[in-house]
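Those protein sequence lines, which keep their order, are chains A and B.
Just so you know, the first sequence maps onto residues 1 to 341 in the working numbering.
Just so you know, the second sequence maps onto residues 1001 to 1322 in the working numbering.
Careful, some of the hints might be misleading.
[To be verified] Below, computed lysine-lysine pairings styled on DSS-like, alpha-carbon distance capped at 30 Å: (1) B:LYS1264 - B:LYS1081; (2) B:LYS1264 - A:LYS301; (3) B:LYS1013 - B:LYS1040; (4) A:LYS262 - B:LYS1264; (5) B:LYS1223 - A:LYS262; (6) A:LYS9 - B:LYS1264; (7) B:LYS1112 - B:LYS1088; (8) B:LYS1013 - A:LYS202; (9) A:LYS262 - B:LYS1112; (10) B:LYS1245 - A:LYS262; (11) B:LYS1040 - A:LYS202; (12) B:LYS1269 - A:LYS181; (13) B:LYS1296 - A:LYS202; (14) B:LYS1264 - A:LYS181; (15) A:LYS181 - A:LYS202; (16) A:LYS89 - A:LYS202.
[Unchecked claim] Restraint-style ranges between C-beta atoms, simulated for each label pair: (17) A:ASN96 - B:SER1069: 37 to 45 Å; (18) B:LYS1088 - A:ARG69: 38 to 46 Å; (19) A:ASN32 - B:THR1120: 49 to 57 Å; (20) A:SER153 - B:GLN1203: 26 to 34 Å; (21) B:ARG1244 - A:ASN179: 44 to 52 Å; (22) B:SER1312 - A:GLU300: 52 to 60 Å; (23) A:ARG263 - B:ASP1100: 41 to 49 Å.
No lab work stands behind these hints, which were simulated from the structure alone.
This structure is a prediction, so every number in the text was calculated from the model and none was measured.
C-beta atoms are modelled at their ideal positions from N, C-alpha and C, and glycine is treated no differently.
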Amino acid sequence: MKPDMSAKKLLEVYNLRTSFFTFSGEVQAVRNISFSLDHGEIVGIVGESGSGKSVALLSVIRLLHDPGRIVGGEVLFEGENVLGMSNSKLRRLRNNQIGMVFQEPMTSLNPTLRVGTQIVERIRTFNKGFNLRQAREQAERVLEMVRLPEARSHLDSYPYELSGGMRQRVMFAIAIACNPKLLIADEPTTALDVTIQSQILKLIRSLRHETNTSIILITHDLGVVAETCERVIVMYGGMIMEEGLVDEIFYETAHQYTIGLKRSIPDVNNVGGDRLFSISGSPPSLIDTPMGCPFCARCEKAMKVCLDHCPPYFQLSSTHRSMCWLLDPELPGNLPKVSAK
Amino acid sequence: MSQQNFVEAKRLKKYFGGGGIIKKKPFVRAVDDISFSINKGETFGLVGESGCGKSTAARTIIRLYNPTSGSVIFDGTDIAKLGEKELKPYRRRIQMIFQDPYASLDPRMTVKNIVAEPLTTHNICARSEYEDRVAQCLRMVGLEPGHMEKYPHEFSGGQRQRIGIARALITQPDFIICDEPISALDVSIQAQVVNMLQSLQEQLGLTYCFIAHDLAMVKYISKRMGVMYVGQLVEISPSDELYRKPLHPYTIGLMRAIPIADPKLARLKQEISIEGEIPSPFNPPSGCRFSPRCPKCMEICTKISPVLKEVSPNRFVACHLF
C-alpha cells in the first residue's frame, strides 16, 4: 500500500445516511458515515448484527430494496458520483468494477443452473465479444484462481453438489470473473467451518496480491480482521465508532466499544479462572436513536455529556480517529495531544 | 463432592438410514464408536466442524435418538436400553439448551407457558405453583418476572436464549447439554450468556456438556474437552493442555485455523491450513478418517483405524503417531 497523493481514491463515501421506512417508523440504519478506500487495500468493517455494516455497503452499490432508501450523502467511485448515476451506467459499474460475495453461498447461487453457466453469464454480460467457448475457458481460469480442485469438471456441477467452502469459492469466482477494482465480501466465512474459513481467508489475501483488487471485508469476527485486513472500521448503532490501521485498532484502541469487543473474546492463552468480560445491555433501537453517543447506554465510562451530545471524531493520527468524549482535550486530565476534526 | 463418571458414553454408535425395501440404502455413520465420561459438576467440551457428529452424539446421549449400539451410563444406570416409561424420570434430570433461540421457542406461546411446559410434562407440581416457579427461573437467568406474559418475538436473541435456559432449569436438572448455545449470538452477548451459565453451574452444581465450534469459547468454559472428526473422537484432553500442546494432527490444524484477534501474532503465524474437504460420513475413508488430509499420513494410517489410547495422564489420542 503506497500512499500516492496524486492518485484518486477508489471509493469515497461522505455523510451517507440510509433509512428504512417501516410501519413502526423510520429505522435509521446508517447515520452519517464517511470513509474512503485506496486502490489495492483490504479494509475490514466490524460490528454486531444491526450495526449497519451491511446496509452501508449495499447503499454504496445501490442494491437497497424498498423500504430502504438513501436519505443523504455522497458516494464517489473513482471520482464519479454513484448516487446520481443512471441505471444503465450503474449497471456497467457493477458489472465491470465491483464484485460482491454474500454470506450464505447456497442462497446466492442459482440452484437450477450449473456452476459454469453462472460464471459464463457474468463473463458474457461484461464482455459481449466472448463466444461461449472463450467464456468457458475464462470461467475455468477463474475457478483455478480461486483454487477449486478439478476446476474443469466442476464447471458442470450444480451448486448442491458442492460443499459450503467450494460454493463460497464459486461465489468468489463469479465476483472476480471480470477483474473488478473493488470486491465487497459480506461475512464470507461466517457460515463456514474454521478450517474452511482459514482456506477462504488465505484466498482473499492471495487474490489481493494477484489482482491488486481493493477488498472490503464485512465481518463480526475480530480474529478474521486481525488476520486479513490492513485498516479497520468499527461500526455501532449505524455510526463509525473508530477507524484506524489494524495495529492502531488492536494496540491503541481508543473507543470504549472497541475495548469492550476486544475484551469479550476469550483469550486462548490465558489459563482460565476469571469471568469473561461482557458488555451489559443490548444495542440501541434505531427508530428512537439516542441523542448522544449510541454506545453511552452500555458504556462503563459514560459521562453526562455522552447522553446529550454525540461526540465528534477526535483525530489521533493521520489514519486513526475515534468518536468518544473521553478523548476530548478539554476533559480534565487529558493532555492536549489530539485535535477535534 | 466430585463424582467420577457421572455421565459415561461407552462405544456409542448412531447410524442413520440403512432402510429400503428393494435396495438397501447406505448408512450414515454419524457417530461411530465413541467413548468418554463426564464427572459431576464438570463441564466437558465437545468441539468439531459441522457434520462431525457432535450434536448427534449429544442427542443420542440424552436419548433424543436411540443409539444403534453402545451404552450411556447416567448416574449408575444404563439409560440407552431403558423403555420410554422407565426413562421419564431421567429425562427430568437431563435437559438441553438449543442453538437457535429463534427456532427453539414456540412463537405462539407466552414465556410463561414455554418455561412452565416441562412442569406439566413431568407433573412436577400443582398448577397454582407454576407462576412462582417460572418467576424464580426467570430471575435466575436475569430476566424480569414481569416478562412472563410476553411472546418470544418481543425479545432479542440473547434474551431468548435466556428463556431457553430458564426452560431447561425449571425441572431442576443435574445434567444439561448445551448444543452451540452461543453461536447464533453477537460477541458482546455471547460473553453475557457464558458468564451466566457458569454462575448457574456454581449455584446449582450442574454438569454441562458444552458443544461448540468456537474453540476459544469451549476452552474458556470447559475443564476437559473432546475433539470429534467425522463421527469419531480423535483427542480427549484437559483443555489447557490441549491448547498448549495439541497432539493429533487434526487438532493441530484446527487450532491453527482459529483466527487470532492479535494482528502481530497473526502475521507471525505460518500459512499452513488443512487442505481439502471434510469427508462424507456415508463413505468415510478407510483407516484413519483424517488420513487423506493429514500432513503426517503414513502407510498404516490408510489401512488401520487408530484407537483412542492414553499417551500421558488424562490425555487420549487416536493416532498412529503415538
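Hint-by-hint comparison with the structure:
Restraint check: the Cα-Cα separation between LYS1264 of chain B and LYS1081 of chain B comes to about 53 Å, which exceeds 30 Å; the hinted pair is violated. A threshold of 30 Å between alpha carbons decides the hint, and for LYS1264 of chain B with LYS301 of chain A the separation of about 28 Å falls inside it, so the pair holds. Distance restraint check for LYS1013 of chain B and LYS1040 of chain B: the Cα-Cα separation of roughly 23 Å lies within the 30 Å cut-off, and the hinted pair is therefore satisfied. Straight-line distance between C-alpha atoms of LYS262 of chain A and LYS1264 of chain B comes to about 15 Å, which keeps the hinted pair within the 30 Å bound.
For the suggested pair LYS1223 of chain B and LYS262 of chain A, the alpha carbons sit about 23 Å apart, so the restraint of at most 30 Å is met. The suggested pairing of LYS9 of chain A with LYS1264 of chain B holds, with an alpha-carbon distance near 27 Å, which does not exceed 30 Å. Distance check on the hinted pair: LYS1112 of chain B and LYS1088 of chain B sit about 23 Å apart at the alpha-carbon level, within 30 Å; holds. Distance hint between LYS1013 of chain B and LYS202 of chain A is unfulfilled; the C-alpha atoms sit about 36 Å from each other, more than 30 Å.
Distance hint between LYS262 of chain A and LYS1112 of chain B is unfulfilled; the C-alpha atoms sit about 36 Å from each other, more than 30 Å. A threshold of 30 Å between alpha carbons decides the hint, and for LYS1245 of chain B with LYS262 of chain A the separation of about 25 Å falls inside it, so the pair holds. For the hint linking LYS1040 of chain B to LYS202 of chain A, the alpha-carbon distance of about 42 Å lies beyond 30 Å, and the restraint is violated. For the hint pairing LYS1269 of chain B with LYS181 of chain A, the CA-to-CA distance comes to about 29 Å; that is within 30 Å, so the pair holds.
The straight-line distance between the Cα atoms of LYS1296 of chain B and LYS202 of chain A is roughly 22 Å, inside the 30 Å bound, and the hint therefore holds. Distance hint between LYS1264 of chain B and LYS181 of chain A is fulfilled; the C-alpha atoms sit about 28 Å from each other, no more than 30 Å. With a C-alpha separation of about 19 Å, the suggested pairing of LYS181 of chain A with LYS202 of chain A holds against the 30 Å cut-off. For a cut-off of 30 Å, the pair hint linking LYS89 of chain A to LYS202 of chain A is broken: about 33 Å separates their Cα positions.
A hinted range of 37 to 45 Å is violated for the C-beta pair ASN96 of chain A and SER1069 of chain B, which are about 60 Å apart. The supplied range of 38 to 46 Å is broken by LYS1088 of chain B and ARG69 of chain A, whose beta-carbon atoms lie about 56 Å from each other. For the pair ASN32 of chain A and THR1120 of chain B, the supplied restraint of 49 to 57 Å holds, since their beta-carbon distance comes to about 52 Å. Between SER153 of chain A and GLN1203 of chain B the CB atoms are about 58 Å apart, so this pair departs from the stated range of 26 to 34 Å.
Separated by about 45 Å at the C-beta atoms, ARG1244 of chain B and ASN179 of chain A satisfy the suggested range of 44 to 52 Å. For SER1312 of chain B paired with GLU300 of chain A, a C-beta distance near 43 Å fails the hint of 52 to 60 Å. Remark: the range hint 41 to 49 Å for ARG263 of chain A to ASP1100 of chain B is contradicted by a beta-carbon distance near 26 Å.
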